[in-house]
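Take these sequences, add in the hints, and give me the full structure.
Residues per chain are reported as follows:
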Amino acid sequence: ETLLTQSPDILSLSPGDRANISCRASQTVSITFLAWYQQKVGQTPRLLIYGASTRATGIPDRFIGIGSGTDFTLTINRVESEDFALYFCQQYGNSPLTFGQGTRLEIK
Amino acid sequence: QVQLEQSGAEVKGPGSSVKVSCRPSRVTFSTYSIAWVRQAPGQGLEWMGGVIPIYEKAHYALKFRTRLTITADRSTHTAYLELRGLTSEDTAIYYCARGILRGGDQQYYMDVWGNGTSVTVSS
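Protein chains in written order, with the working numbering: chain S, 1 to 108; chain W, 1 to 123.
Derived by calculation from the structure, the hints in this document are not laboratory data.
Do not take every clue at face value.
So, partial list: chain S residues that the calculated Cβ filter (under 7 Å) puts toward chain W [to be verified]:
hint, residue
1, Thr2
2, Thr5
3, Pro15
4, Thr44
5, Pro45
6, Leu47
7, Phe88
8, Pro96
9, Phe99
In silico DSBU-like pairs for lysine-lysine, Cα to Cα no more than 30 Å straight-line [said to hold, decoys possible]:
hint, chain 1, residue 1, chain 2, residue 2
10, W, Lys12, S, Lys40
11, S, Lys40, S, Lys108
12, S, Lys108, W, Lys12
13, W, Lys57, W, Lys12
14, W, Lys19, S, Lys40
15, W, Lys12, W, Lys63
16, W, Lys19, W, Lys63
Glycine is no exception: its CB is placed at the ideal position from the N, C-alpha and C atoms.
Here it is as C-alpha cells:
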C-alpha cells in the first residue's frame, strides 16, 4: 500500500499569503496519478487537482499542483478567506488507492 | 453536472448491518466507477472500495473485504454499500463519489461526491 504523508498537519496563514502543502508518497506514484481535494467544515470533499497538475472544472488558477514520483505540492497563491479548509491528497496510480491524512489551513 | 443522491442517515446496533445507496441524477453510458469513502468524526478520508456500474464489477480495500459488499444496478447505475458486523469504529459519514477511470479498475480520481450518509453505531 502506498502511504501518503502530508505536511504540515496544520498551516496557519493570513489572507494574501501563499500556502504550500506537501504530499510525500512511500513509493513512486505511477504516471503522476495524484489528486488534491478541499473539504470545508460540514461539507463534502471537492476535487481541486488531478493528474498532479490539472485543475478541475471551475477551480481558480491560484490553486497550483506540481510534482512527480514521490513528492507533490499543492500551492495556493494569495490565499482567500474561502480557502481556509482541509486539504487531502490522493494517489490512484498504485493499488489500493490511498489518501493523505489531511492538512488543515487555518486563519492566523 | 451529474449529482449523486445518497440514502438517509442510519442508526444501528453493534453487530448489525447497514446498506447505503447512491443514485446518479442521470445515467450516462461512459465507463466510470462509483467509489465509497468514509470519514469518521474528526478524521480523514478512507477509501473502502467501488463498483463499475455498467459491468457490475466491484473492488474492495483489503481491510473491508470480509464484511463489505458493493453492488450496482446496471440500469439505473445506483450503487449500494452493505457493511456487516458493525462496531462503534464504523461510526462515520459514508460518501459515494464518481471515479474517473485512468487505466485499471481501481485507478481513478473522484470528481463528483454525494452529500454523505451518516451511520451511527450505538447500543
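Comparing the hints with the structure gives:
no., hint, in the structure
1, Thr2, "violated (12 Å)"
2, Thr5, "violated (12 Å)"
3, Pro15, "violated (25 Å)"
4, Thr44, "holds (4 Å)"
5, Pro45, "holds (6 Å)"
6, Leu47, "holds (5 Å)"
7, Phe88, "holds (6 Å)"
8, Pro96, "holds (5 Å)"
9, Phe99, "holds (5 Å)"
10, Lys12/W x Lys40/S, "holds (27 Å)"
11, Lys40/S x Lys108/S, "holds (17 Å)"
12, Lys108/S x Lys12/W, "violated (40 Å)"
13, Lys57/W x Lys12/W, "holds (28 Å)"
14, Lys19/W x Lys40/S, "holds (27 Å)"
15, Lys12/W x Lys63/W, "holds (21 Å)"
16, Lys19/W x Lys63/W, "holds (18 Å)"
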